[in-house]
Structures are given as C-alpha cells and as structure tokens.
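Q: Sequence:
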Amino acid sequence: MSAPRQIKLGIPKGSLEEATISLFERAGWKIRKHVRNYFPDINDPDITARLCRVQEIPGYIRDGVLDVALTGKDWLLETGVDFADDREGDSGGESPVRMISDLVYSKVSNRPARWVLAVAGDSPYRKPEDLAGRRISTELKGVTTRYFEELGIPVQISYSWGATEAKVVEGLADAIVEVTETETTIRAHGLRVIDEVLVTNTVLIAGRDAMRDPFRRAKIEQIDLLLQGALRAESLVCLKMNAPAARLDEILNLLPALNSPTVASLRDPAWLSLETVVDSGLVRDLIPRLRKIGAEGILEYSLNKVI
13 MSAPRQIKLG IPKGSLEEAT ISLFERAGWK IRKHVRNYFP DINDPDITAR
63 LCRVQEIPGY IRDGVLDVAL TGKDWLLETG VDFADDREGD SGGESPVRMI
113 SDLVYSKVSN RPARWVLAVA GDSPYRKPED LAGRRISTEL KGVTTRYFEE
163 LGIPVQISYS WGATEAKVVE GLADAIVEVT ETETTIRAHG LRVIDEVLVT
213 NTVLIAGRDA MRDPFRRAKI EQIDLLLQGA LRAESLVCLK MNAPAARLDE
263 ILNLLPALNS PTVASLRDPA WLSLETVVDS GLVRDLIPRL RKIGAEGILE
313 YSLNKVI
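Each residue of the sequence shown is one higher than the last, beginning at 13 in my numbering.
No lab work stands behind these hints, which were simulated from the structure alone.
Quick reminder that beta carbons are idealized off the backbone N, C-alpha and C, glycines included.
Heads up, a few of these hints could be off.
[What the hints assert, rightly or not] Only pairs whose alpha carbons sit at most 27 Å apart, straight line, appear in this in silico DSSO-like list of lysine-lysine:
id, residue 1, residue 2
1, Lys252, Lys304
2, Lys25, Lys119
3, Lys317, Lys42
[Said to hold, decoys possible] The following label-pair restraints were derived from C-beta to C-beta distances:
id, residue 1, residue 2, range
4, Leu294, Ala258, 19 to 29 Å
5, Lys119, Ser277, 46 to 56 Å
6, Lys119, Glu262, 35 to 45 Å
7, Arg17, Arg65, 24 to 34 Å
8, Trp173, Ser121, 20 to 30 Å
9, Trp283, Asp114, 41 to 51 Å
10, Thr197, Ala257, 53 to 63 Å
11, Ala276, Arg303, 54 to 64 Å
12, Arg17, Ile319, 43 to 53 Å
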C-alpha cells in the first residue's frame with residue numbers, strides 16, 4: 013500500500029513564526045510546535061510542515077525541499093533565486109520558484125515593512141549621495157549593493173549578523189540599511205531615516221514542479237485562498253440588526269457592504285432584519301447613527317474568513 017501523498021509546507025521561523033501559526037489557525041489549520049524539533053504537527057493529513065529560517069526558504073523551494081512556503085519578498089530578492097510572479101499573470105516558464113500571492117502581515121501589524129537607509133541623528137548626511145565612500149552595515153547585502161549601484165554611489169557594504177541599529181552608535185558603520193515597521197527601534201537608537209531602499213511583505217511561494225502536479229497545485233491553491241480569506245476578515249466585522257421598514261432607505265444609505273446588505277422580512281411586517289459586513293474601524297461611529305434612526309437589537313461579531 014503506497015504512502016499517502018503530502019505537500020511539504022515551510023513555516024518561517026523567528027519573527028514571523030507566531031503570526032504565521034496564528035494566521036493558519038484562523039484559516040482552519042492548527043499547528044502545534046515541538047520543543048526539540050522543527051517539524052510541527054498540523055491537523056491536515058495532506059500537509060507535512062517544517063519550521064525554516066526565512067532567509068533559507070527561497071532556496072528550499074527552488075531545490076524542491078519544500079513545495080510551498082511563506083517568506084519575505086525581501087529575502088526572495090536577496091537570495092537571487094529565479095522566480096516568476098504569478099500575481100502579474102506570469103505563466104512561470106522554467107523558473108523554479110513561483111510567487112503565488114501577497115500576504116500582508118508581520119510580527120506587529122498587517123502592513124508592509126520597509127528597509128530604510130538610516131544614519132545618526134546628528135550626522136551631516138542628508139541624502140544617499142552624502143554617503144559616497146562611507147561604510148554601510150546591513151543584513152540585506154545583495155539588495156543594498158544593487159540599490160547603491162543603481163544610484164551610482166560607491167560605498168563599502170559589510171554584512172551585519174544582528175543588532176544592526178547599534179553599528180552606527182558603536183562607530184562600526186556610517187549608516188545602516190535595516191527593516192522597520194514603525195521606525196520605533198530606529199529612533200530609539202538615535203538614528204534618522206534618509207531614504208527607503210525596499211518595501212517588503214510576506215509572500216506565498218511555491219515550486220514550479222509542485223504547481224505542475226495537480227494534487228499539490230490544488231492544495232497550494234486551497235492554502236492561498238483560505239489564508240487570503242483569513243487576512244481579509246481581520247479588518248471586517250458583521251453587523252446584524254432589526255430595523256423599521258419605514259426607515260429602510262435611510263439605514264441602507266448608512267451601511268457599506270461587500271456587495272449589499274442582506275434584508276429579510278420578519279413576522280411583524282413593520283420590521284426587517286438586516287445583516288452586513290463592514291470595516292471594523294467604522295463601527296464605533298456607525299452604531300450610534302443606526303440607533304438614532306431606529307435600528308434595534310444590533311449585534312456585532314467577528315469573522316474568521318471572508319472569501
């Protein structure tokens with residue numbers, strides 16, 4: 013009897029680890045880590061999961077070690093692997109790696125991160141050209157090299173093994189290229205951003221051969237669909253209420269929806285039931301306005317997925 017078919021899923025280890033596991037749980041997959049190994053359990057017999065360093069994932073996908081994984085767009089560019097962008101309708105050709113979709117989430121927020129060029133707050137450097145001949149420290153050496161080459165600025169770029177923000181403070185570099193979401197750590201080290209090198213976010217990538225195999229492709233497309241749905245649901249809530257039929261038009265004018273609100277009749281013909289999906293940031297202003305024009309029994313509840 014042949015072993016059941018499975019796809020090999022790569023989960024990024026490190027700063028994205030907990031956010032990724034949480035996202036999969038909202039999408040319907042429970043991932044349970046083990047203390048002593050990098051092979052977590054997942055409640056899907058079609059998937060075997062592995063924890064991998066985000067920097068190594070593009071190479072693992074290229075070499076067929078993994079079928080599908082989540083990594084940063086920055087590390088996809090940094091490693092220099094040959095990839096095709098399915099988001100732009102690229103058929104892929106012979107590129108061994110396929111970028112399937114953007115999944116915009118991170119450790120602390122659901123927005124893209126930025127690799128920025130930063131200098132000491134009291135330094136004379138105001139623009140990249142001022143750094144000609146100076147020392148730059150970064151973990152993203154390949155992308156940084158291309159950035160300065162495209163600007164035609166000669167600099168000395170050294171690889172940073174961590175604590176990059178401290179390099180300028182310690183006098184080990186004149187500037188750094190570092191990733192940030194809020195610039196809080198950058199500012200805490202007395203640094204000042206003078207340019208943006210790269211905007212990045214998490215992406216779902218898959219191997220060429222995996223996408224050519226019907227079983228694996230179907231599973232990868234399922235993962236993509238449900239992860240996208242879970243991310244989309246994070247910023248939305250559902251509102252349900254009873255409303256006087258005589259004021260339906262007024263209430264409908266207040267209610268944004270993905271398509272249009274659902275309206276259902278009640279036993280009392282003078283009242284209707286309404287249900288709609290709205291941006292969670294609108295609810296605090298919307299509910300008092302709905303109450304003012306007669307809506308009652310207003311319920312707000314969160315969503316797991318919006319497809």
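Q: Hints first: check each against the structure and report whether it holds.
A: Hints, verified against the model:
no., hint, verdict
1, Lys252 - Lys304, "holds, 16 Å"
2, Lys25 - Lys119, "holds, 12 Å"
3, Lys317 - Lys42, "holds, 15 Å"
4, Leu294 - Ala258: 19 to 29 Å, "holds, 24 Å"
5, Lys119 - Ser277: 46 to 56 Å, "holds, 47 Å"
6, Lys119 - Glu262: 35 to 45 Å, "holds, 43 Å"
7, Arg17 - Arg65: 24 to 34 Å, "holds, 27 Å"
8, Trp173 - Ser121: 20 to 30 Å, "holds, 26 Å"
9, Trp283 - Asp114: 41 to 51 Å, "holds, 43 Å"
10, Thr197 - Ala257: 53 to 63 Å, "holds, 55 Å"
11, Ala276 - Arg303: 54 to 64 Å, "violated, 20 Å"
12, Arg17 - Ile319: 43 to 53 Å, "violated, 25 Å"
The structure fails to meet hints 11 and 12 from the earlier list, while all remaining hints are met.
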